[in-house]
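Please model the entire structure based on the sequences and the hints provided.
As you go down the protein sequences, you meet chains A and B in turn.
Counting in the numbering used here, the first sequence runs from 1 upward without gaps.
Counting in the numbering used here, the second sequence runs from 1 upward without gaps.
Bear in mind the hints are in silico, worked out from the structure with no lab data behind them.
These numbers were taken from a predicted model, which means no experiment stands behind them.
Mixed in with the good hints, there may be bad ones.
Identical chains blur together in the list; that is why a pair holds if it fits in one copy or across any two.
Straight-line C-alpha distance at most 27 Å; calculated DSS-like pairs for lysine-lysine [claimed, not checked]:
#1 K290 - K48
#2 K345 - K118
#3 K48 - K204
#4 K248 - K337
#5 K337 - K118
#6 K266 - K138
#7 K38 - K2
#8 K48 - K337
#9 K204 - K25
Each chain, letter by letter, is given below.
Number of protein chains: 2
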Amino acid sequence: MKIITGGITKPQGFKANGLCCGIRKSGKFDLGMFYSEKPCVAAGVFTKNSVVAAPLVISKKHIKNGKAQAMIVNSGNANCYTGELGLLQAYLTTEIFANKLGIAVNDVLVTSTGIIGKALPFEKIEKAVDKLVSGLSKTGSKNFEQAILTTDLAEKEKTVEIIIGGKKVIIGGCAKGSGMIAPNMATMLGFITTDAAITPKLLKEALQKANELSFNRITVDGCMSTNDMVTVFANGLAGNKVISTKGKDFEKFQEALNFVCLDLAKKIVLDGEGATKFITVNIIGAKTEKHAHDMAMAVANSNLVKTAAFGCNPNWGRVAQAVGSLGISYVNENHMKIEFSPFNKKEISISVIFTQGKQNATVYTSDLSNEYVRINAEYN
Amino acid sequence: MKIITGGITKPQGFKANGLCCGIRKSGKFDLGMFYSEKPCVAAGVFTKNSVVAAPLVISKKHIKNGKAQAMIVNSGNANCYTGELGLLQAYLTTEIFANKLGIAVNDVLVTSTGIIGKALPFEKIEKAVDKLVSGLSKTGSKNFEQAILTTDLAEKEKTVEIIIGGKKVIIGGCAKGSGMIAPNMATMLGFITTDAAITPKLLKEALQKANELSFNRITVDGCMSTNDMVTVFANGLAGNKVISTKGKDFEKFQEALNFVCLDLAKKIVLDGEGATKFITVNIIGAKTEKHAHDMAMAVANSNLVKTAAFGCNPNWGRVAQAVGSLGISYVNENHMKIEFSPFNKKEISISVIFTQGKQNATVYTSDLSNEYVRINAEYN
Chain A
1 MKIITGGITK
11 PQGFKANGLC
21 CGIRKSGKFD
31 LGMFYSEKPC
41 VAAGVFTKNS
51 VVAAPLVISK
61 KHIKNGKAQA
71 MIVNSGNANC
81 YTGELGLLQA
91 YLTTEIFANK
101 LGIAVNDVLV
111 TSTGIIGKAL
121 PFEKIEKAVD
131 KLVSGLSKTG
141 SKNFEQAILT
151 TDLAEKEKTV
161 EIIIGGKKVI
171 IGGCAKGSGM
181 IAPNMATMLG
191 FITTDAAITP
201 KLLKEALQKA
211 NELSFNRITV
221 DGCMSTNDMV
231 TVFANGLAGN
241 KVISTKGKDF
251 EKFQEALNFV
261 CLDLAKKIVL
271 DGEGATKFIT
281 VNIIGAKTEK
291 HAHDMAMAVA
301 NSNLVKTAAF
311 GCNPNWGRVA
321 QAVGSLGISY
331 VNENHMKIEF
341 SPFNKKEISI
351 SVIFTQGKQN
361 ATVYTSDLSN
371 EYVRINAEYN
Chain B
1 MKIITGGITK
11 PQGFKANGLC
21 CGIRKSGKFD
31 LGMFYSEKPC
41 VAAGVFTKNS
51 VVAAPLVISK
61 KHIKNGKAQA
71 MIVNSGNANC
81 YTGELGLLQA
91 YLTTEIFANK
101 LGIAVNDVLV
111 TSTGIIGKAL
121 PFEKIEKAVD
131 KLVSGLSKTG
141 SKNFEQAILT
151 TDLAEKEKTV
161 EIIIGGKKVI
171 IGGCAKGSGM
181 IAPNMATMLG
191 FITTDAAITP
201 KLLKEALQKA
211 NELSFNRITV
221 DGCMSTNDMV
231 TVFANGLAGN
241 KVISTKGKDF
251 EKFQEALNFV
261 CLDLAKKIVL
271 DGEGATKFIT
281 VNIIGAKTEK
291 HAHDMAMAVA
301 NSNLVKTAAF
311 GCNPNWGRVA
321 QAVGSLGISY
331 VNENHMKIEF
341 SPFNKKEISI
351 SVIFTQGKQN
361 ATVYTSDLSN
371 EYVRINAEYN
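Encoded structure:
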């Protein structure tokens, strides 16, 4: 596996673009798209929040057949909690782009990020269709990455190259995160493109596995968004023999996809709202996988642990309090050891070690700073 | 029921005191006690955290027989995660006071609040025994209230008078809260005294009920402490006929106890770390009691909702996100209505109204401010 640059337009056949259509008053880019010249095998994972944004309802329907060719994203408005009108507008967004591109409506996916509960200014998107499509290019990934940001400070992308059956296969990805980052779902927006040839079934399986090991292992504020999704589009233009069984080729693909997703997930944490620290929480030697995972999340989501990290204060009492709060019987001072890396660094780790079992879990999070409070008190 | 003043020393036969023995370097009071001239019927509720502080281990044992006569509290050190030495010191604390008072060791309870994981400077407590006991007085409740504070800004007390069987019965209480306030346990330190005559069984039942409706309905930061406990001491000096059945007398007592506990619980929220708002979260019309309670807690513990409150920003998208995060199927925009009181006030309310069921829940919380972060980043 070779780390390269180029993002979502690096795989063959993908183009992207981004611009400001006027949803965000600041003039920042707020509308982006990417497109594959060849129809793709596609898979997605979506928020498990029971309050689901309108575009996700549409995208879930459209991706059901395991196919897609274009993705439309706006920032500045989540199109969530927007009733029938919101659903209609999400659908119409896919329709106007499908018409312009000359492809089937259900090969277009749509997603939105931004404030919840305000009507989408659909006419602004409508007016920007021509410009957005005509500007699609092989160098458009940066514009796309900018268009998906909200309170993020930096674009997040990762690209790798692998060889499958003698053919060069590229996987590119980008993501948007920052607030409302929590597990149990996609937890943010993630877009992966690849020119690998792979069956829909295995692509879905690979994405679910990669998601489980990456985006579901990060938490910024324990808040589960209504709009989160991660998708992967695979157009097969690399010319490799279609990956259709779980052999070596699949493993290679899975490993590369895991790597891209984990890198993006870590970048989301690093760019978490107000984050000054990147915190790795390790639980080692728990009795069950669930214990390990729940304890890691309890530590990572503890405001007391997160403020202690912000204050460079390795307060292990707060870590003990967090793991103990789950009420697991063997979790007490007689059976655990708490270890910290030096807390004055930007990247820190907290490990809780038990001798009761063999299950481990790792979760990534950021600290809780004044800046987090400022951002979220003022955001509207 | 008449609201009066006087706190834990207002009921007949109770005396209290508080002083600085030197655990806290600031010179603030850090050691307190109260004592009943007559042995009491007593009950307690304790943290459900599996990491339990040493004094709670001792107090749980001592209160098992439903009796107690004195309570010793120190602030500045939680005596938690302190191993065998901590347990020994907690026990010795009860022993030295029992000897001084001339009562049985297991009639003395002990509790501690402050930093976790540091050895208790036991010799400082030992040296202060004579002074603390000799200073016990009917006006000592204020000193006691000061001695139990950590990051609290103000003493919290409530006192009521009721008439039971023609006799005047007084219930007095005080509490300490501020950080690590969350449900599923006592969630802070609460001390209730009364001169009512009541059986141990009914006293315990009354306390559990009152606790469920008060201290278990508040949350400041979702963090469950290792040291929380609420106790009630009843010495019977009011001379009422012993409350031994669930008749009208019991109901009157229960109602007054509920009132005192809820008032103290609300005061804890108002004095929450960095709190600028008192937030009441109502869930109305949920299908089950658990749904109602879980949703209320999800809203109250959401950092995004709490920062929105701090910013006077009634962002109902964040409320929708919080209730939706539980994945309850009917919790979506088609079945719920979100209502806010004016958000520029100090006391605000957030109500989520469903038409799916008949279960309601109310939870109290504070906002998340810069000050919370500052306090918890610097605390050590």
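So, going through the hints one by one against the coordinates:
1. K290 - K48: both (18 Å within a copy, 19 Å between copies)
2. K345 - K118: Between copies only: 24 Å across chains, 41 Å inside a chain, cut-off 27 Å.
3. K48 - K204: within (17 Å within a copy, 41 Å between copies)
4. K248 - K337: neither (39 Å within a copy, 52 Å between copies)
5. K337 - K118: between (48 Å within a copy, 15 Å between copies)
6. K266 - K138: Answer is within; shortest intra-copy Cα gap is 26 Å, inter-copy 59 Å.
7. K38 - K2: Cα proximity of K38 and K2: one copy only (25 Å, versus 79 Å across).
8. K48 - K337: Between copies, since 21 Å is at most 27 Å while 34 Å is not.
9. K204 - K25: neither (37 Å within a copy, 60 Å between copies)
Violated hints, in rising order: 4, 9; the structure is consistent with all others.
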